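Trainee: Put together the whole structure using the sequences plus the hints.
Line by line, the protein sequences are chains A and B. Counting from 1, position 77 in the first sequence corresponds to residue 77 in full-length UniProt numbering; the numbering is continuous, with no gaps. Counting from 1, position 74 in the second sequence corresponds to residue 74 in full-length UniProt numbering; the numbering is continuous, with no gaps.
Errors might be hidden in some of the hints.
As the list claims (entries may be wrong) - Using 25 Å as the maximum straight-line C-alpha spacing, the simulated SDA-like pairs for lysine to any residue come out as follows:
#1 A:Lys67 x A:Arg122
#2 A:Lys67 x B:Ile18
#3 A:Lys67 x B:Ser22
#4 A:Lys67 x B:Thr123
#5 A:Lys67 x A:Val101
#6 B:Lys67 x A:Pro39
#7 A:Lys82 x B:Arg88
#8 B:Lys82 x B:Arg122
#9 B:Lys67 x A:Glu9
#10 B:Lys67 x A:Arg122
#11 A:Lys67 x B:Leu129
#12 B:Lys67 x A:Met107
#13 A:Lys67 x B:Ala34
#14 B:Lys67 x A:Glu35
#15 B:Lys67 x A:Ala25
#16 A:Lys67 x B:Leu41
#17 A:Lys67 x A:Glu9
#18 B:Lys67 x A:Ala34
#19 A:Lys67 x B:Arg88
#20 A:Lys67 x B:Arg122
#21 A:Lys67 x B:Arg12
#22 B:Lys67 x A:Gln11
#23 B:Lys67 x A:Val101
#24 B:Lys67 x A:Ser22
#25 A:Lys67 x B:Arg15
#26 A:Lys67 x A:Met107
#27 B:Lys67 x A:Leu129
#28 B:Lys67 x B:Arg88
#29 A:Lys67 x B:Asp26
#30 B:Lys67 x A:Tyr42
#31 A:Lys82 x B:Thr21
#32 B:Lys67 x A:Ser16
Rather than coming from a laboratory, the hints here were simulated on the basis of the structure. Computed from a predicted structure; not experimentally measured.
2 protein chains.
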Amino acid sequence: MTTRWLSAEEQRAWRSYISATSLLADAIDRRLQAEAGMPHLYYSILSRLSEAPDRRLRMTDLAEALKITRSRLTYAVARLEKDGTVGREGCPTDRRGHMAVLTDEGMALLERVAPAHVETVRTAVFDHLTPEQVGQLEEICGTITRAIQSGDPGTPGEDLPWRRRSCSS
Amino acid sequence: MTTRWLSAEEQRAWRSYISATSLLADAIDRRLQAEAGMPHLYYSILSRLSEAPDRRLRMTDLAEALKITRSRLTYAVARLEKDGTVGREGCPTDRRGHMAVLTDEGMALLERVAPAHVETVRTAVFDHLTPEQVGQLEEICGTITRAIQSGDPGTPGEDLPWRRRSCSS
DNA sequence: GCGCAGTGGTTCAAGTTTTAAACAATACCT
DNA sequence: AGGTATTGTTTAAAACTTGAACCACTGCGC
Numbered sequence: 001m002t003t004r005w006l007s008a009e010e011q012r013a014w015r016s017y018i019s020a021t022s023l024l025a026d027a028i029d030r031r032l033q034a035e036a037g038m039p040h041l042y043y044s045i046l047s048r049l050s051e052a053p054d055r056r057l058r059m060t061d062l063a064e065a066l067k068i069t070r071s072r073l074t075y076a077v078a079r080l081e082k083d084g085t086v087g088r089e090g091c092p093t094d095r096r097g098h099m100a101v102l103t104d105e106g107m108a109l110l111e112r113v114a115p116a117h118v119e120t121v122r123t124a125v126f127d128h129l130t131p132e133q134v135g136q137l138e139e140i141c142g143t144i145t146r147a148i149q150s151g152d153p154g155t156p157g158e159d160l161p162w163r164r165r166s167c168s169s
Numbered sequence: 001m002t003t004r005w006l007s008a009e010e011q012r013a014w015r016s017y018i019s020a021t022s023l024l025a026d027a028i029d030r031r032l033q034a035e036a037g038m039p040h041l042y043y044s045i046l047s048r049l050s051e052a053p054d055r056r057l058r059m060t061d062l063a064e065a066l067k068i069t070r071s072r073l074t075y076a077v078a079r080l081e082k083d084g085t086v087g088r089e090g091c092p093t094d095r096r097g098h099m100a101v102l103t104d105e106g107m108a109l110l111e112r113v114a115p116a117h118v119e120t121v122r123t124a125v126f127d128h129l130t131p132e133q134v135g136q137l138e139e140i141c142g143t144i145t146r147a148i149q150s151g152d153p154g155t156p157g158e159d160l161p162w163r164r165r166s167c168s169s
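Mentor: Below is the structure:
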């Protein structure tokens, strides 16, 4: 099978995507690091917990929601626990399980930091998009998410003959 | 000034964006790690160089193109040099400067790996988007990029009263 | 020409994060 | 019971990032 290269339009969109996501991730991380002393992922953990019933979630559910490995989550929660923003409890119904619980201190941190974070997201993104574009963004990102999750990793391997095209960043 | 929280639609779009970018970055990194033994950023360096006149670029220009710090680039190029895919040369016109140069070996690696990478991007993204959506994606990402680059980091600070809303991940 | 601010790029030290593999404990199924 | 699958942690190693300090050079004003 010959390689299905990106068209010129796709190429442009892709480059644009790479720039935007890279810049945005950096901007958010920097801001959050300054305001809350933690990177975006850690903030997301607190945020998810704050919305969960009883401010607590099973580790696996949390990892699932954030699309990260359990190992990574364990590490992150360990740090948050040291910070005092998250606690750990055994799960009553499944003794293997553990719940991460947002502490009052964690909630307070979130309340203090959230406005700044929202402002970052707003000034970097939503202030400049029309309502239609917001809908388009959700639609496109949802499509990407589903495509990846329905596992569809593209056929591996297949060393193909080179035909001078862009290598898609 | 009171916090301008995200609307429900913005909230959904944002969550969707977070999931998609996180999953996509992971998928690309995993694939590239398997095929080329390097993460996406490093591949991007090779790719950019392959498109540059004479397969070479000034370090600063490369850092600029990839939106990363010079320090980070120095580290990355050092590794690529160790791998043999990139070389370093002094800049003829400015003796402070250095050029990163794609070696034949680097080019060969790129040629070997590009099809798999393009396939990843395609199956995760472009295979599922309409041409209109490709245009929308470019437009939206371009807007975000410009918003961030025109510095506009949102007013820092401002501890605001909490009104139970989502903390935007 | 000289001094000096600015640029290009690297180095260094420190810390953070990530990964993969192995592991213990428990649940579930038959 | 017994085997398998989950849950979540641990461990050790490696990879990466950061920020500050730093050197070499340029280019400008005087």
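Trainee: Lys67 (chain A) and Arg88 (chain B) were given as a pair; does the straight-line alpha-carbon distance stay at or below 25 Å?
Mentor: Roughly 38 Å separates the two Cα atoms, so the pair is violated.
Trainee: Within a Cα-Cα threshold of 25 Å, do Lys67 (chain A) and Glu9 (chain A) meet the stated pairing?
Mentor: 29 Å, violated
Trainee: Would you mind confirming whether the straight-line C-alpha gap from Lys67 (chain A) to Ser22 (chain B) stays at or under 25 Å?
Mentor: 7 Å, holds
Trainee: Are the Cα positions of Lys67 (chain A) and Met107 (chain A) separated by 25 Å at most?
Mentor: This hinted pair holds, its Cα atoms lying about 22 Å apart.
Trainee: Between Lys67 (chain B) and Leu129 (chain A), is the straight-line Cα distance small enough, at 25 Å or below?
Mentor: 22 Å, holds
Trainee: Straight-line Cα separation of Lys67 (chain A) and Thr123 (chain B) no greater than 25 Å?
Mentor: 19 Å, holds
Trainee: Hinted pair, alpha-carbon criterion (25 Å max): Lys82 (chain B), Arg122 (chain B). Please report holds or violated.
Mentor: 31 Å, violated
Trainee: Please verify whether Lys67 (chain B) and Arg122 (chain A) have alpha carbons no more than 25 Å apart.
Mentor: Holds. Lys67 (chain B) to Arg122 (chain A) sits at ~21 Å (cutoff 25 Å).
Trainee: Is Lys67 (chain B) within 25 Å of Tyr42 (chain A), Cα to Cα?
Mentor: 23 Å, holds
Trainee: Keeping to a limit of 25 Å between CA atoms, is the pair of Lys67 (chain A) and Val101 (chain A) held or broken?
Mentor: With Cα atoms ~19 Å apart, Lys67 (chain A) and Val101 (chain A) stay inside 25 Å; holds.
Trainee: Is Lys67 (chain B) close enough to Ala25 (chain A), meaning Cα to Cα at most 25 Å?
Mentor: Answer holds: Lys67 (chain B) to Ala25 (chain A) is near 11 Å, not above 25 Å.
Trainee: Take a quick look at whether Lys67 (chain B) and Ala34 (chain A) sit within 25 Å of each other, Cα to Cα.
Mentor: 20 Å, holds
The earlier numbered hints that this structure contradicts are 7, 8, 12, 17, 19, 23 and 31.
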